[in-house]
Amino acid sequence: MLNNMTNLKLSVKIAVIFILAFFLMAAQFTGAVSSAIAGETRWINVSSKISADGSMTREVKLSPDAELLKFAKAEFLGDFPDLIEEKCSDGLVKMTKKFVDLEECVGVLMVQKDLYFTDRYQIRQSLPLYPDEKVMRDIKVRFEFELPNGVIKILKDRKLQSRQLGSQTVNEFTLDHAGNMDLYYQFNNYKPITAVLLAAFLIFIAARMTRRFNFILIPVLAVLIAFFFAGIAIIVIGESPVSAMGAMYEGVFASRTNFLNMLLATTPLIFTGLAVSFAFNCGLFNIGGEGQVMIGGFAAALVGIVGLKFAINPMVHVIMAILAAGLAAGLYSLIAGVFRAKFNVHEVISTIMLNYIAYTLLGFLVVHPWFKENGPNPQTPEIAHSAFLPAFFARHDFNYGFILALVMAVFMWFILYKTSFGFNIRSVGLNAKAAEYSGINISKTIMLTMFISGMLAGLAGSERVMGLFHKYNSTAFVGYGIDGIAVSLLVNNNPLGIILSALLFGFLKTGGSYMNREIGVPVELVVVVQAVIIFFIAADKIVRNMLNVKESR
Amino acid sequence: MNALSMKGITKRFKNVVANDDITFAVAKNTIHGLVGENGAGKSTLMNILYGLLEPDEGEIFVNEKIAGFKGPKDAIEAGIGMVHQHFMLAGPLTVTENIILGSEPEGGLFLNYKKAREMVAELSDRYGLIVDPDARIESIPVGLAQRVEILKTLYRGAKIIILDEPTAVLTPQEVRELLKIMDNLRKNGVTIIFISHKLKEIKRITDEITVIRHGKTIGTEPTSKVTENDIARMMVGRDVVFNVEKGKARILGQGLTLDGIVAKNDKGLTCLKHVSLEVKRGEIFGIAGVEGNGQSELLEVISGLRKPVSGNVMVCDRTNPDTGEKDITGMTPDEIYESGVAHVPEDRHKRGLQLNFNIEENLVTSLIHKKPFSSFGMICSDALANNAAEKIKEYDIRCGSSRVKAQNLSGGNQQKVVIARELSKQPRVIIIAQPTRGVDIGAIEFIHQKIIELRDSGVAVLLISAELSEIMNLSDRIGVIYEGEILETMDAADATEEKLGLLMAGIKKGVNANA
Amino acid sequence: MEFLIRLIISTLSMAAPLFITAVGGIFSERSGVINIALEGMMLIGAFFGVVGCFYTGSPWLGLLIAVIAGGLFAAIHAVISIKYHSNQVVSGVALNMLASGLTVFLLDIIFGIKGTSENVATIPNMNAILGVVKPAAEAVKQAGFDNRMLLYKALDFSPIILIGIAVVFIAHTVLFKTVFGLRLRATGEHAKAADTLGISVSKMRYAGVIISGILAGLAGAYLSLSLTGAFRKDMSAGRGYIALAAMITGKWSPINAFIASLFFGFAQALEFFISEPVILGVKIPQQFIQMLPYILTMIVLAGFIGKSVSPHDLGKPYVKDEKL
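Protein chains in written order, with numbering that gives the first Met the number 0: chain P, 0 to 552; chain Z, 0 to 514; chain C, 0 to 323.
Source of the hints: derived by calculation from the structure; they are not laboratory data.
Mixed in with the good hints there might be a few duds.
The list that follows gives simulated cross-link-like pairs (lysine-lysine, DSS-like), each with its CA atoms no further than 27 Å apart [stated by the list, open to error]:
no., chain 1, residue 1, chain 2, residue 2
1, Z, 113, C, 250
2, Z, 6, C, 319
3, Z, 179, P, 443
4, Z, 247, Z, 424
5, Z, 186, Z, 215
6, C, 152, P, 540
7, C, 191, Z, 349
8, P, 432, Z, 369
9, P, 443, C, 315
10, Z, 72, Z, 27
11, P, 69, P, 86
12, Z, 215, P, 432
13, P, 417, P, 470
14, P, 341, Z, 266
15, Z, 114, C, 191
16, Z, 199, Z, 215
17, Z, 64, Z, 113
18, Z, 404, C, 232
19, Z, 179, Z, 224
20, Z, 199, P, 540
21, C, 319, P, 470
Quick look at which bits of chain P chain Z covers, simulated, 3 or more residues with Cβ under 8 Å [unchecked claim]:
no., stretch
22, 269 to 282
23, 422 to 429
Just so you have them, the derived chain C footprint on chain Z, three or more residues with Cβ under 8 Å [unchecked claim]:
no., stretch
24, 71 to 80
25, 92 to 100
26, 108 to 120
Computed from a predicted model, the values in this text were never measured in an experiment.
In this text, a Cβ means the ideal position worked out from N, Cα and C, and glycines have one as well.
Next up, chain P with everything else stripped away, as it sits in the complex (with noise of 0.2 Å):
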């Protein structure tokens, strides 16, 4: 009862934090700078109010100014005859016009309505240039835009002063610019975000009220922690949080090709995630990642190479490849498990020398006259087409890799949990006096073990070079073997989870590139979101303070 009670409290307070969080976000989102009207000022208010059946009704309100009227009518009504003109109280005039729908709007203004995955307008409005130049100075615009549902966002431009109030937004502009221009606007609808953080908190609450799945609790809370910091910097930087993690949505769900590329940044991910977990069931930390990679890829490079000069049968090729590159990371990876499993050198230490060792190896074989590519970069030439992973689609290179990475997932999940051989690793990895005792060979599971996740990270590497760079080049393949150890600790080394974490670190960098193009957040933030994440996987112990979970050894 007691128990229950704090747990309550614990909840309550989380839940308070949560909404303090969002009070602050949403204050910065809100935090109006609206200016002050100018006394001599004459106004022309637009305001537009989109419904969800496609019609604009658009009011345009201004003082009774012939010459103002003739312009206003012209450029932001287009003319129609059917627009309806009264005076109102105040004695400005007011013009109303309805749009039946977003085809009757074009030359007032343009209306693209994106269906996939958001509910996202984009409008282009024109800003007139005033033809009186002594005057134009004087009179400012309005626009208000309002959409069915939704929440609004401008595209970036830091002369626009803008105020955005839920699915609304007001723009003022002085008509002094040089020459005619556009503005931008779009309008997203947050929901999915929202209804994905809501499910993030709701899963959280249920799992600890539950007690059931308390193992996602600290992943969750982790990402949700990091996202938070992640907000904080986005602040202290002045952009909107809200804006910024919209920007990140888009990048991913906004178009075929974004989501396309962020399954393309997820491949990689789960192979080096899947090379980490795999050991660390074992009870090793394979962080050589990077080198394995590299080693993988430029395998693959060369059996892709010698398609060259000899025909290959596409099928055979790419067999080939893959099982080259497999097999050279794996043989590769042995080594540190020698080292472990003869002369006890920790595993740690090992790959990180055999990262560099790699590197400057790959560094000298690149630009060997026997593979060096004629021009200055240090890289192979293409490779054949016959070792080309197949892409999905035409103009994507988003390709039948990550159909591989997936079955090697499930079949990763399948010998760990499934067959005896997984068996043995996990009784290695979890307590190795019990495992020796129980007439498991140590030492030849260390090897077999570092031998297979060296051999996942490989495939990282061929996957690269068969599906994307079609080459081998030195810069490239730096970053996936670490990243592949937040994805694997994140869902704490489980493969089948690992396919979700490597989708959750494919959007944080598809997102991130995204949202460092269009509001300018340095995309170094998804690193240290990265960061941050592990920093509280690794000290669970915050995390479990703050939830008060037992630790279940």
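Following the hints, complete the assembly by docking chains Z and C onto the known chain P.
Here is chains Z and C on its own, set in the frame of chain P:
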């Protein structure tokens, strides 16, 4: 005057009461023996005295003054020093460095190594504890390392020194030296609490003894008034007497033969000195003895975890047991299982179970690669579940479901899981060590029953236990191990507690007790 | 003569960040905390050195800020490893990642440029500090004797190198001749023993880890404030790991690590002079020389040439046992 007294000390760990209202007092300038089996609560009591643990109840008096220790620092200040069972010495540091660590002379910025060295040399002269002050700990033998530990306490001005099983790791020569040193210390006004279960030493050196059993004080006696087998009886107790119903053994042919096994322990000391014994199929051979006399190493040798220096282990053939014996010396644990030897290890947490695995999985470790549990390397989870259901029923393993992790089971149920697994290997020979340690009474009876059944089905059973009553009740023949030797083998019918007690204390018939 | 001076100075310049960081690593690991985050700490030092110099205008203040930043950054590792008993390797990996991300993130915000910072004032070299002026070319020609030129060149190195060498010997003294050093080493070898003697294990470890951050920060500042005068993305370029290698091949002793670093620095410096050294008639590609530190570390760890044994309690979080 009492140098030290502890009154009503109670300490609980989770569910276990390690010390239950312990009271004892140590007179000044004496050596006080604290005796009891492993797990009796001696170490806990001493850790409380040294400030490493805080008691839940009770008071400590030093020199008749009440003392409350928050940490070792307080205890050190009160003049208490402790030599831990596992040495608290940093290997690459020198003798002097280890001794002065934490209370360096003239606490300035720089280490006055020269002065420290002199102080150490002076101390070592005064108490006759000769060590090279500049030697690195990792390069000196255990006996000397222990002197360093004693010097450490003396350096801190200890007037009461706790020696926690100091002789467990020493050679007989070193033991003799240590006893001499202790005597010397006593002469120099030091009070010593000497923890041991080697009765000969206790008898020889102490002035008084206190016996602890199952966390309770059994009694304090002047050493001169008790004999070694009195002490042994007090230690082992007679309260746990279960009369197991068993018929007469039907002895079949050869089961397990050990021939002249010599082996070294982790410290490199010879711990098994030419052990030879024979266990026939259909009998239970019990090995009695105070712990630490080579039992653990003997188990490891038989199960393949430790390679003997010399000697052979032979077992009967698995399929045709009567066709003669096979040498299994030097085989891997895996091959030894295949030869029909099963093994219930003494420490189920360390070796016997994967605590993080569930019951189903724990019932098949080391069997997993065999049918029906897996075929072509793939685990048949149905077979695992069926097997678990069957075993849970047969062995009365009390658990919520077969998917419960082993760590969540009670000691008795954990042990049942281990026994169930080992028996399912259908061995011809089984080695069972400490089968009922930390096991509740209901489970004890059940496990004893199982062991008898096993015997009756024609398996050779080697039983090793620290519980004398267990050995006496179950065994058909009993051998007593002492300092790595089987002193004597006898029929269970001929064994009396007295006789065994004497042997366990290393006293052979007809030999002078104080030899 | 001139060649020799140039070789020595290049060797020292390449070795300095290695041995300063390696000595830092020794403090951390001798106290029992694995530190593979040296790389990240170095990077943080390099970055905050530049930032400090950018805002204060003084490279010396920049150096101070770098050292503080390195120490604070290491404190994260300390808290996570010591207070929360977490896996020290995982924490190290996360710190390296954080350093790499955070520096570029802040770089973008502070300087608004991607990849490199603005150039800042550098720490003057010894010749500038001592007022040795480069003699005019004609003067040298006329005299026909280049003593002054030699002197100028011989002093053409950063004072941080001198600080670094001093650090090595001070570290040696601190570790082996002071009370603090004795307690630190004891903590890393046998934490429980230290605890039973009333030494606070966590205090010692905090000290060890934070010292490692301070020194790695110093080494980082050397890279950015002495060598380049600007911060570049990931400019530590694996030097933290070579320092780790130097620490291990140097068997966790400052002076040995110093010698190992000099050797590694020499191998790196060689690149400036010979593109492909020839040994016994065989051309050795540069990359193989670069590989040397790593291979040597593996060999030493495996015990092929003098076994290198880590402190006994290295990587083991110290938890006061409920039941001893």
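Cross-check of the supplied hints:
1. Z:113 to C:250: The hint holds at about 26 Å.
2. Z:6 to C:319: holds (25 Å)
3. Z:179 to P:443: violated (49 Å)
4. Z:247 to Z:424: holds (25 Å)
5. Z:186 to Z:215: violated (31 Å)
6. C:152 to P:540: Since the Cα atoms of residue 152 (chain C) and residue 540 (chain P) sit roughly 55 Å apart, the hinted pair is violated (cutoff 27 Å).
7. C:191 to Z:349: holds (21 Å)
8. P:432 to Z:369: holds (21 Å)
9. P:443 to C:315: Answer holds: residue 443 (chain P) to residue 315 (chain C) is near 25 Å, not above 27 Å.
10. Z:72 to Z:27: Holds, at roughly 22 Å.
11. P:69 to P:86: The given pair, whose Cα atoms are some 16 Å apart, holds under the 27 Å limit.
12. Z:215 to P:432: violated (33 Å)
13. P:417 to P:470: The given pair, whose Cα atoms are some 37 Å apart, is violated under the 27 Å limit.
14. P:341 to Z:266: holds (21 Å)
15. Z:114 to C:191: With a Cα-Cα distance of about 26 Å, the restraint between residue 114 (chain Z) and residue 191 (chain C) holds, given a limit of 27 Å.
16. Z:199 to Z:215: Distance ~23 Å between residue 199 (chain Z) and residue 215 (chain Z) Cα, so the pair holds.
17. Z:64 to Z:113: violated (37 Å)
18. Z:404 to C:232: violated (48 Å)
19. Z:179 to Z:224: With a Cα-Cα distance of about 22 Å, the restraint between residue 179 (chain Z) and residue 224 (chain Z) holds, given a limit of 27 Å.
20. Z:199 to P:540: violated (49 Å)
21. C:319 to P:470: Violated, at roughly 54 Å.
22. 269 to 282: Per the Cβ count (0), the hint is violated.
23. 422 to 429: holds (count 5)
24. 71 to 80: holds (count 3)
25. 92 to 100: Result for this restraint: holds, n = 5.
26. 108 to 120: As far as the stretch 108 to 120 of chain Z goes, the hint holds, because 4 residues have Cβ atoms under 8 Å from chain C.
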